[in-house]
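As they're listed, the protein sequences go chains A and B. According to this note's numbering, the first sequence is numbered sequentially starting from 6. According to this note's numbering, the second sequence is numbered sequentially starting from 261.
It should be emphasised that the hints constitute simulated quantities derived from the structure, not laboratory data. C-beta: ideal position from N, C-alpha, C; glycine also. Take the hints with a grain of salt, since some may be wrong.
[To be verified] When the alpha-carbon atoms are kept at most 16 Å apart in a straight line, the in silico EDC-like pairs for lysine to aspartate or glutamate are as follows: (1) Lys-405/B to Glu-76/A; (2) Lys-58/A to Glu-416/B; (3) Lys-32/A to Glu-96/A; (4) Lys-406/B to Glu-76/A; (5) Lys-58/A to Asp-604/B.
[Said to hold, decoys possible] Stretch by stretch, here's where chain B covers chain A in the computed footprint (C-beta under 8 Å, at least three residues): (6) 61-73; (7) 388-398; (8) 417-424.
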Amino acid sequence: MEHIVIIGNGISGVTLARHIRKLSDKKITIVSAETDYFFSRTALMYVYMGHMKFEHTQPYENWFWKKNRIELKKGYVKQVETETKTLHFAEGDTLHYDKLIIATGSKPNKFGWPGQDLDGVIGMYHKQDLEQLEKYAPNKEVCKRAVIVGGGLIGIELAEMLNSRKIPVTFLVRENSFWNGVLPEGESKMINDHIKNHHIDLRLSTNLKEIKSDENGKVKSVIIEETGEELECNVVGLTAGVTPNVDFLKDSDIELGRGVKVNRFLETNIADVYAIGDCAEQHEAIGNRRPIEAVWYTGRMMGETLAQTICGNKTPYKPGHWFNSAKFLDIEYQTYGWVFGERGRPEYEHHFHWKHAKENICITVAFHKDTKEFLGINTFGIRMRHEIFDKWLTEKRDVDYVMSYLKDANFDPEFFKTYENDILKQYNNTFNTNLTAHKKSWKRIFSKV
Amino acid sequence: MKAIKTIGLVIFLVGLAIFTALPLLGTFNLNEADFNTIVKEQNIKSDIFINDLKSNVVGKDFNGMQSLSPNISKAITNANEAHIKNKEWDKKIYTSSSDMAAMIGKKSANGFIANNKGLMWLLTFGLGIIGALMFILPNVILLGKKGIKNDGIYHESATNRGWIGWMVFIFLVSFYLVLYFASEYATNWTLLVDPISEALSGNPAGHWFVYGFMYCTVMTVMAVRMYIKYRHNIYQVFRTTSVLFFQIVFAFLIPEIMVRLQMPYYDFKNAFPLDYDFFFQWNLKDLINNGGIGIFILVWGIVLTLIIVPVMVYFFGKRWYCSWVCGCGGLAETLGDPYRQHSDKSLFAWKVERYLIHAVLLFVLIMTGMTLYSFFTETGTVLGIKTSTVQSIYSLVIGSIFAGVIGTGFYPIFGNRVWCRFGCPLAAYLGFVQRFKSRFRITTNGGQCISCGNCSTYCEQGIDVRAYAQKGENIIRSSCVGCGICSAVCPRGVLKLENGPEKGRINPTEILLGNDVDLMDLVNDK
Numbered sequence: 006m007e008h009i010v011i012i013g014n015g016i017s018g019v020t021l022a023r024h025i026r027k028l029s030d031k032k033i034t035i036v037s038a039e040t041d042y043f044f045s046r047t048a049l050m051y052v053y054m055g056h057m058k059f060e061h062t063q064p065y066e067n068w069f070w071k072k073n074r075i076e077l078k079k080g081y082v083k084q085v086e087t088e089t090k091t092l093h094f095a096e097g098d099t100l101h102y103d104k105l106i107i108a109t110g111s112k113p114n115k116f117g118w119p120g121q122d123l124d125g126v127i128g129m130y131h132k133q134d135l136e137q138l139e140k141y142a143p144n145k146e147v148c149k150r151a152v153i154v155g156g157g158l159i160g161i162e163l164a165e166m167l168n169s170r171k172i173p174v175t176f177l178v179r180e181n182s183f184w185n186g187v188l189p190e191g192e193s194k195m196i197n198d199h200i201k202n203h204h205i206d207l208r209l210s211t212n213l214k215e216i217k218s219d220e221n222g223k224v225k226s227v228i229i230e231e232t233g234e235e236l237e238c239n240v241v242g243l244t245a246g247v248t249p250n251v252d253f254l255k256d257s258d259i260e261l262g263r264g265v266k267v268n269r270f271l272e273t274n275i276a277d278v279y280a281i282g283d284c285a286e287q288h289e290a291i292g293n294r295r296p297i298e299a300v301w302y303t304g305r306m307m308g309e310t311l312a313q314t315i316c317g318n319k320t321p322y323k324p325g326h327w328f329n330s331a332k333f334l335d336i337e338y339q340t341y342g343w344v345f346g347e348r349g350r351p352e353y354e355h356h357f358h359w360k361h362a363k364e365n366i367c368i369t370v371a372f373h374k375d376t377k378e379f380l381g382i383n384t385f386g387i388r389m390r391h392e393i394f395d396k397w398l399t400e401k402r403d404v405d406y407v408m409s410y411l412k413d414a415n416f417d418p419e420f421f422k423t424y425e426n427d428i429l430k431q432y433n434n435t436f437n438t439n440l441t442a443h444k445k446s447w448k449r450i451f452s453k454v
Numbered sequence: 261m262k263a264i265k266t267i268g269l270v271i272f273l274v275g276l277a278i279f280t281a282l283p284l285l286g287t288f289n290l291n292e293a294d295f296n297t298i299v300k301e302q303n304i305k306s307d308i309f310i311n312d313l314k315s316n317v318v319g320k321d322f323n324g325m326q327s328l329s330p331n332i333s334k335a336i337t338n339a340n341e342a343h344i345k346n347k348e349w350d351k352k353i354y355t356s357s358s359d360m361a362a363m364i365g366k367k368s369a370n371g372f373i374a375n376n377k378g379l380m381w382l383l384t385f386g387l388g389i390i391g392a393l394m395f396i397l398p399n400v401i402l403l404g405k406k407g408i409k410n411d412g413i414y415h416e417s418a419t420n421r422g423w424i425g426w427m428v429f430i431f432l433v434s435f436y437l438v439l440y441f442a443s444e445y446a447t448n449w450t451l452l453v454d455p456i457s458e459a460l461s462g463n464p465a466g467h468w469f470v471y472g473f474m475y476c477t478v479m480t481v482m483a484v485r486m487y488i489k490y491r492h493n494i495y496q497v498f499r500t501t502s503v504l505f506f507q508i509v510f511a512f513l514i515p516e517i518m519v520r521l522q523m524p525y526y527d528f529k530n531a532f533p534l535d536y537d538f539f540f541q542w543n544l545k546d547l548i549n550n551g552g553i554g555i556f557i558l559v560w561g562i563v564l565t566l567i568i569v570p571v572m573v574y575f576f577g578k579r580w581y582c583s584w585v586c587g588c589g590g591l592a593e594t595l596g597d598p599y600r601q602h603s604d605k606s607l608f609a610w611k612v613e614r615y616l617i618h619a620v621l622l623f624v625l626i627m628t629g630m631t632l633y634s635f636f637t638e639t640g641t642v643l644g645i646k647t648s649t650v651q652s653i654y655s656l657v658i659g660s661i662f663a664g665v666i667g668t669g670f671y672p673i674f675g676n677r678v679w680c681r682f683g684c685p686l687a688a689y690l691g692f693v694q695r696f697k698s699r700f701r702i703t704t705n706g707g708q709c710i711s712c713g714n715c716s717t718y719c720e721q722g723i724d725v726r727a728y729a730q731k732g733e734n735i736i737r738s739s740c741v742g743c744g745i746c747s748a749v750c751p752r753g754v755l756k757l758e759n760g761p762e763k764g765r766i767n768p769t770e771i772l773l774g775n776d777v778d779l780m781d782l783v784n785d786k
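Chain B extracted, bound-state conformation (with noise of 0.2 Å):
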């Protein structure tokens, strides 16, 4: 068993090894036809720009995109400077340096990479998955009797905080600043799932499909593994089953299958506000000029944030969301799950907490009503501020560094939910209605408290769940995703996820007596 997850291992770690290799890979020559498709598809009327890729790139043999890329930025920057100082402003070209060399790069790719598809999909993804699948199945007898098996995870290299942590740390990080950023290099990565691009939407594949195929596939894989590890409690086996279903059904499938039939892009559980540019303007024209659909989903959007999540976090509390339905949250259940311990627990942490996550909301709740007031008056500005530069800085600053690089890449560091802890908007709206206005709450058996620890330790947003249980105080946290981890790993049976009734949900107790009449005290004030 030991020798088959070694193997497993190796096999994983060469399927990632070319993987992580073929961004600087391949070779690139763009034929004349192709670029004027380009040219004509993107509706470029920069003779500049034309004439610079014609005699520099068009026909030459490329290795690679790091090659092939800085003579577009430069083709582009030289054509707008001479554009911009002789305000052509039909010839300037909008598109990003990135985007551009991204689509040029796609469709001059033509070496082995591109010629062997499939067989490069094997050798990255498919070793990936066979590898990673050979690494987790043995634990069905490894882990022996049902029951929590953290043995070991803080002697463990990659769960403490060990150099592999910090590796796979710096290969997130990475991953994500590639994807978001430099999304050229991401081409080769689009051409290993183009077949499967084109079956589902009828188009080659983009860097966000590879972000989404390669998002389906991780948390399919770690679902596996929580499946084994979690296999007596029937709790995280449906609750995994349910996030990995509306991650491959509703985020991935749904959406890629209503472009193929001419339909929006759209995902139907991803609410405002974590949708943040559900209202921007392009998305409400786009809508709008779809028609029936559009309607539908413009209507359901708002049926949705309005009526929908907030009613169902009175009955179930927000976990119906965070820990059974979102994206953001199915990752963090299930690639992020080795490393859930290492939340901060700290006061600190929690007021840090309390003010990001908040403003955030106060953030994307001011942008959207600029964005609205915008789109109504037809006005660029609100009270002198561009509300383009508005959506432009949450963009980067919250929906990419924030919810990708940082909520993500920090997983092996901060633990798995620091973007569902510290920044996401949604979360923050359903912990209000939570705290206030719920049904939810974790149940203590207060007495039998032994203070240990397991429950804190594995919270993933980082609930001293310790200090309420050993109070016998039901936890009614705004943060809590009622993942149901902390009454796994308790050792003395002390907390329950529970949907009571709303009465003597708040319980208060200063003193939890073991004397006979104030413990009968305790019962009554119930």
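Isolated chain A (complex conformation) (with noise of 0.2 Å):
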């Protein structure tokens, strides 16, 4: 029987073995050095902040990998030998595969900070990071004060995780507005505000220079570099970004950019060699995404296209429309297509921007200039449907087709207030049209295409 070895057990690589099992009936064995069984990494805030346990954030119950046959080994892989197909453990013993998976995600990016190696810097990727902010992080009595390195989701995360237990969070952002390489400028000012007014010390244009250490290697204060100010603290999070987790295969045949290089196949250089995941680095970028994709979900939909490929249905990765969601403190954040920020904007891409007055809620979507085909939508505060936006992408539906039925899209929970005719109002005020709210219709919702 061919043996599958999976090297992760993150959403990537389980989606992957949970898929070859549905399809066949391989033998399966999933390696991690990180937990026992597999967590949404993403949830792992909501066990800090008291949520959830981490038993929760378990989507599936212990019994499951043994009824699906799927092995799990605890270990740590230190070498991978491609010629004998042996994976060599830091334990000392050894695994023999017949087709081998990567699929080791990401680590936290470091970029050679004095003093970022002390007690109390933190990434907030790993349950192990988690583990070491509960104990350098407990309450307010032990870390007086918390600075957070990096303007991205994963440092609002853990602003939002410091903030719960009322920990004091000064939040250090390279770029001169959160997020603004993905977000428009209207909702990056946004978020903004939303961060200071939850009493976090947001500093826009501001870089780290050191982080200072006390006498017994721990954490003292951080220097900021443009003003050279020194900021006393218990606790250092790193956050500004994620790296492909994969020095262990340095030594191997297995060909490396910053992630392991993959065709459209998922496939490395070596035969029976995949990688997938926030580890995979595409040769050539798909449409407008990266070749390197940190996002829970397309590690979800690597794994189901490998599994096809591995029992037998070659299938290449081909990601339909892009689509994100994550959440800012409060403030839920869905989108659909492409929306550009400030910079790396195409020229022909034009935004519609409309925000409530009072609430922190708006939307921004995205068209062609020229052919007013829409092209994607950003929201905030409003929930909308998935399926809906992906039929009308494709479709390749105009925008001002997308703003007249936009009620068919709404997924807020019922007797919520709805905005979309204040949205049309707005729109054909700005653009001169004349368009009308179409009424929800449960018809288009689920017609055929």
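Put the complex together from the two separate chains, hints included.
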């Protein structure tokens, strides 16, 4: 029986294993050094915040793996010998594979800051990071202040976590507005204000120079590059993005870039070795996507795709329309299709932006300035129906159509206030159109394309 | 703000302590005239019992029910032993010693508590309400900006099955045991609410009135907590208002007012088979003897069960009842909300649930069949089994222990819908309709699910919501009561409660592929 070995028990590896089991009878082993069982990494924050216990982040009960004949091995792979198809573990033992899948995910970026390896400097990615955080920041008495370096989604989540335990947070963001590499100006500004409203000390256009140590090798303070200011703190969170976790492959024959280089079939340069998830790097980017996408959903999709290939139905990885979602403290964010921030926005992309006068609710609709083709939407504080936008993007609807049928897409709970009429009114005013809002129709929502 | 909360907590605990101590306090002295009235009203023919009480109880002072009550039960036991021996069936006393003691206790209470009902109400209910509100209201400010506030739930002893949780468990279970099985100890509690009962129905309060009043009070105070916690979520605000309205108006006020108007006591929203004694002989006779209004109630009860319930479930799912109308659901959604995360989500629990809840439904149907057969044929037995025995087993095991003691008492340990999930026969019936013939489902934005587990953790019915969400499958589970909390706690906007077209409601998804072509196939298949 063919032995499939997957290194990494994150969403990519586990999705792959589950789908291989659905499609075949192959022997499957998942190797992980991090945890015994699969858990949802994105939910770690809720454990620290006390919304859930760690067990709750595990989507499958512990008997699931045995029942589905998925073997779990706890161990750290030190070396991959592709000629003999052997894995060497740090613990000294070895494992033979017929097909190997690398799904080792990422690790937090460290840019060579002085003091970046001191006690009390943490990332927020692995379960071990959470344990470190519980150790160094259990409450505001032990941790008088925390400094977070890096202005992305993990950073704001870490800020929210510490905030939930009333620990004062200083948030250093290199850019002049939060996440403005991705978010358009209005939205980025709204989130800046939102962060400050939560009593988080947000410092824009600010870089970390150095982390200073006390006499025990523990964090004492950080120095800010621009001003030379010294901030006393007990914890430093490094959340300036992630890098593929592939150091253990450096001595192998597997071709590496920043991550493991793969083609559209997720194959590496070595036969029977594949890579999926955060650690996989496409030779050429797919559409507007980046060559490495450290996103939960793409990891899941790669797992589903590769399972087909491994089980004899060779399938290229062709992700559909881009989507993503996140939560900025209390503001939910969803995006479908492409809406670019200030940086990197194509010159043909025009935006329509609507924001509620008082609430933190807004949307940005991107469209092609000549053809008026709808390109994508960002929503803050309004939930939208995934299937509808997927359909509209596939049908290449124009923006007028999208705006007038927006009620079909609303996914907010019942009785919630809706804003489609206000949005359309502003759209009509802005573009001198005379569109009328169509009533929500179940027929359209569930209609065949 | 913190200080107000702490002071509120202390005031609440003082009120609770006085309330808890009351069953063992008070002076009781039964005078001859009152005793004669009881003998007359209850039609007591046992001279042994009457003489026993006259020599041992009447005119004597007792401190606390614990000293009075044994005399009465001893008198009943002695009297009945003698009458059974002599085959004097007309003299035998059929009233339970608990009820008799409660009746006598009520008449003979004459100490400080009985003479200061208003003050005692303030020291118990009053302090409890004020203290609880002082504890709850500061959250308007403390909870900060709008959004889901579950911070620290698993760090708190009260909500993480810590010692406070266990204390609440012991208190609730003890309260229910007193209420159901030792109601004479509730005598002092009934005194506190006598003025309210007299104002409503014209009668002094019994222990069920205490329970009804307390139920409404607790729900109202805890509804304030719900309003504050979910103030950003209009669905939760409407829903809380709805359950509160139906509890106070339909379950509490209307039945009391009906009694005042000399009509039968009836809760118009309580549908069979949850209202398991609706078809019991005494109820049917009572209704028929009550003329027009009795017949109306009889017809309404049958129409409610056979037509209104399934039609409403077809359009709105069982949520219209379980989370918007039902009294048990109402308490679960207010008092029980802090404990919702304790429901067991394991596959094992689901298996137990399916056997148990359907067994209870079967039990109630067989019992009702026997009852109706007995009623129309005027026989006491069906196939050699006594109908009344089956009825009393159901009343004790399901009606009292399961629905009451376990159903509510176990909130802090097993979550707030143990009864609704494992025992309620009406929920099982609604569930069948919801599963097979309904427009209700929870739609999922499957692609966006990060499997975080908030939805499953906070599902009070123990549904592994995430298992469906991460596959992009609509949730049409029988047990879903449509409380909407899964949708509220989802950080990615994946879940939405919908009453849509029936077609395409069930959408098993083998694979949720992100690949272009397959995703389109997925859409096309809908």
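Legend entry - Pair hint outcome, Lys-406/B versus Glu-76/A [Cα-Cα no greater than 16 Å]: Roughly 44 Å separates the two Cα atoms, so the pair is violated.
Inset, instruction - Decide if the proposed pair is consistent with the structure: Lys-32/A and Glu-96/A, CA atoms, cutoff 16 Å inclusive. - result: With a Cα-Cα distance of about 23 Å, the restraint between Lys-32/A and Glu-96/A is violated, given a limit of 16 Å.
Legend entry - Outcome, coverage of the stretch 61-73 of chain A by chain B - at least 3 residues whose beta-carbon is closer than 8 Å to one in that chain: holds (count 5)
Inset, instruction - Would you check the hint for Lys-58/A and Asp-604/B, treating anything up to 16 Å between C-alpha atoms as holding? - result: The hint holds at about 13 Å.
Inset, instruction - Take a quick look at whether Lys-58/A and Glu-416/B sit within 16 Å of each other, Cα to Cα. - result: Distance of about 12 Å is within 16 Å: holds.
Legend entry - Claimed coverage, the stretch 388-398 of chain A by chain B - three or more beta carbons nearer than 8 Å: Result for this restraint: holds, n = 7.
Inset, instruction - Please count how many residues of the stretch 417-424 of chain A have a CB within 8 Å of a CB from chain B and say whether that reaches 3. - result: holds (count 6)
Legend entry - Holds or violated: Lys-405/B to Glu-76/A, with C-alpha atoms at most 16 Å apart: violated (45 Å)
The structure does not agree with the numbered hints 1, 3 and 4 stated previously, though it agrees with the rest.
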